[in-house]
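Trainee: With the hints as constraints, model all of the structure from the sequences given.
If you're matching them up, the sequences are chains V and D in order.
At position 2 of the first sequence (counting the first as 1) the number is 1 in numbering that gives the first Met the number 0, and the numbers step up by one without a gap.
At position 164 of the second sequence (counting the first as 1) the number is 163 in numbering that gives the first Met the number 0, and the numbers step up by one without a gap.
Don't read these hints as lab results, they were simulated from the structure.
One thing to keep in mind: the hints can contain errors.
Since the list gives no way to pick one copy over another, a pair counts as held whenever it fits inside one copy or between any two copies.
Restricting the straight-line Cα-Cα distance to at most 20 Å, the calculated cross-link-like pairs of lysine to aspartate or glutamate (DMTMM-like) are [what the hints assert, rightly or not]: (1) LYS170 - GLU155; (2) LYS88 - GLU105; (3) LYS170 - GLU190; (4) LYS23 - ASP91.
Protein chains: 2
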Amino acid sequence: MKILVVDDEVKLADAIGELLIRNKYMADVVYEAQDGLYYAEHGDYDCIILDVMMPQMDGFEVAERLRKNKCSVPILMLTAKDDIASRVKGLDCGADDYLAKPFAVEELLARVRALTRRKTEIVSDVLTYGDISLNTNNYTLSSGTKSVPLGAKEYEILHMMLNNPTQVFSKDVIISRVWGLDSDITENNVEAYMSFLRKKLFFVGSKVSISSKRLLGYHLEYNQ
Amino acid sequence: MKILVVDDEVKLADAIGELLIRNKYMADVVYEAQDGLYYAEHGDYDCIILDVMMPQMDGFEVAERLRKNKCSVPILMLTAKDDIASRVKGLDCGADDYLAKPFAVEELLARVRALTRRKTEIVSDVLTYGDISLNTNNYTLSSGTKSVPLGAKEYEILHMMLNNPTQVFSKDVIISRVWGLDSDITENNVEAYMSFLRKKLFFVGSKVSISSKRLLGYHLEYNQ
DNA sequence: GTTTACCTTAAGTTTACCTAAAAGTCGCAT
DNA sequence: ATGCGACTTTTAGGTAAACTTAAGGTAAAC
Numbered sequence: 000m001k002i003l004v005v006d007d008e009v010k011l012a013d014a015i016g017e018l019l020i021r022n023k024y025m026a027d028v029v030y031e032a033q034d035g036l037y038y039a040e041h042g043d044y045d046c047i048i049l050d051v052m053m054p055q056m057d058g059f060e061v062a063e064r065l066r067k068n069k070c071s072v073p074i075l076m077l078t079a080k081d082d083i084a085s086r087v088k089g090l091d092c093g094a095d096d097y098l099a100k101p102f103a104v105e106e107l108l109a110r111v112r113a114l115t116r117r118k119t120e121i122v123s124d125v126l127t128y129g130d131i132s133l134n135t136n137n138y139t140l141s142s143g144t145k146s147v148p149l150g151a152k153e154y155e156i157l158h159m160m161l162n163n164p165t166q167v168f169s170k171d172v173i174i175s176r177v178w179g180l181d182s183d184i185t186e187n188n189v190e191a192y193m194s195f196l197r198k199k200l201f202f203v204g205s206k207v208s209i210s211s212k213r214l215l216g217y218h219l220e221y222n223q
Numbered sequence: 000m001k002i003l004v005v006d007d008e009v010k011l012a013d014a015i016g017e018l019l020i021r022n023k024y025m026a027d028v029v030y031e032a033q034d035g036l037y038y039a040e041h042g043d044y045d046c047i048i049l050d051v052m053m054p055q056m057d058g059f060e061v062a063e064r065l066r067k068n069k070c071s072v073p074i075l076m077l078t079a080k081d082d083i084a085s086r087v088k089g090l091d092c093g094a095d096d097y098l099a100k101p102f103a104v105e106e107l108l109a110r111v112r113a114l115t116r117r118k119t120e121i122v123s124d125v126l127t128y129g130d131i132s133l134n135t136n137n138y139t140l141s142s143g144t145k146s147v148p149l150g151a152k153e154y155e156i157l158h159m160m161l162n163n164p165t166q167v168f169s170k171d172v173i174i175s176r177v178w179g180l181d182s183d184i185t186e187n188n189v190e191a192y193m194s195f196l197r198k199k200l201f202f203v204g205s206k207v208s209i210s211s212k213r214l215l216g217y218h219l220e221y222n223q
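Mentor: Here it is in structure tokens:
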């Protein structure tokens, strides 16, 4: 679960980022609206925490632009102003929720959970495709009677692919999704993990395989 | 856009219902938690406005039961209690938002708008022309029941042509778009790929063909 | 009839991809 | 602290798929 924090108050932004990380989220933190826009559109986040009061471009405008560009990631707006007019404005600009500063960390976390819940609910707690299933509670891949535990990265990659089993995922997309936008991970890293996953798929005796398309990416395949 | 209002305070519930109707929503209003559950599960709503304090069964439990039954309709919880603990509880029970009474009608409407906004229509990432379609998620060309995967270069060329199906594309243009401006690719290369694409068009049994105009370039053609 | 652009296929070549194995991290328990 | 084990990242060499080139054939234009 990846979250983007956009707030020009550096200390607060960092604090939120750390709070999220302590609670098992992946978090990217940026301090400028411009960067926020860029990250949001390229980073594939599950939620964006967006401050309203920022120099140059305010949170309303960021939200509006994102929505205009068909970006539908849930947005939690954060602000000092707590009058009804600005709440209404925030929500109508595309925010999904609105939280006034100062806030209790518990409430922030609860609202983040609420905003990100839908995504995980649709997925239920077991993803399946062909003859394999991925248990999202214990990070285990199984097929028939055999099963094998997955590491965090292996899990994230397979989880992503199982959500759209027919789609081809480019290495870029996989890197930005699993490692984040500003990581210096090489493409070979993705290749290595694909190799690990293939080994495990073979180990559980599945007929599902990861097929690669040169220059395009990877996708799942079920050979009955 | 259909909304369900569940609140045992009859006058308030009716008021909300009328407010919604004045704002172009369809609204059903019920005054008991049990009815709320039944309506929610059988009524196909876009949003549920749910009071917390109700006799017999409170709003938390209603939300929880709905979520347990895989009902993913957005829930806006309405309550007199406005302490952080109950907000957190509400959100964690499955509510998507939490609004304290008394509230401004403008804010209620804004939150409903926010909750119902994400009626995500899945953008079909498919380009079509005549009897063929090109799936941009898995780089596959299909016609009727048959389909065939494309290589990266084949895909780029066909993608470009499908964006303007009637246009004639010169080899120069194709080279500069697909291989880049400063490539030492020969025109024969384009010819070779056109041959590959024609083979695949034939393979899927399409009536679309790539026709060439001497000295000018290539374009798609659909012979019904 | 000659020219020349275009088509096709098959052979060559590159380079993206694969994998094993080593090196590096991190967390955890002793 | 220290060492162990699991996970992650890097390295490096082999392989084969996709791309490129070449060459002979076909058909359109003049």
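Trainee: Next step is simple, just say for each hint if it's right about the structure.
Mentor: The hints, checked one at a time:
no.: 1; hint: LYS170 - GLU155; verdict: both (14 Å within a copy, 18 Å between copies)
no.: 2; hint: LYS88 - GLU105; verdict: between (25 Å within a copy, 10 Å between copies)
no.: 3; hint: LYS170 - GLU190; verdict: within (8 Å within a copy, 30 Å between copies)
no.: 4; hint: LYS23 - ASP91; verdict: between (30 Å within a copy, 17 Å between copies)
In summary, the structure agrees with every hint in the numbered list given earlier.
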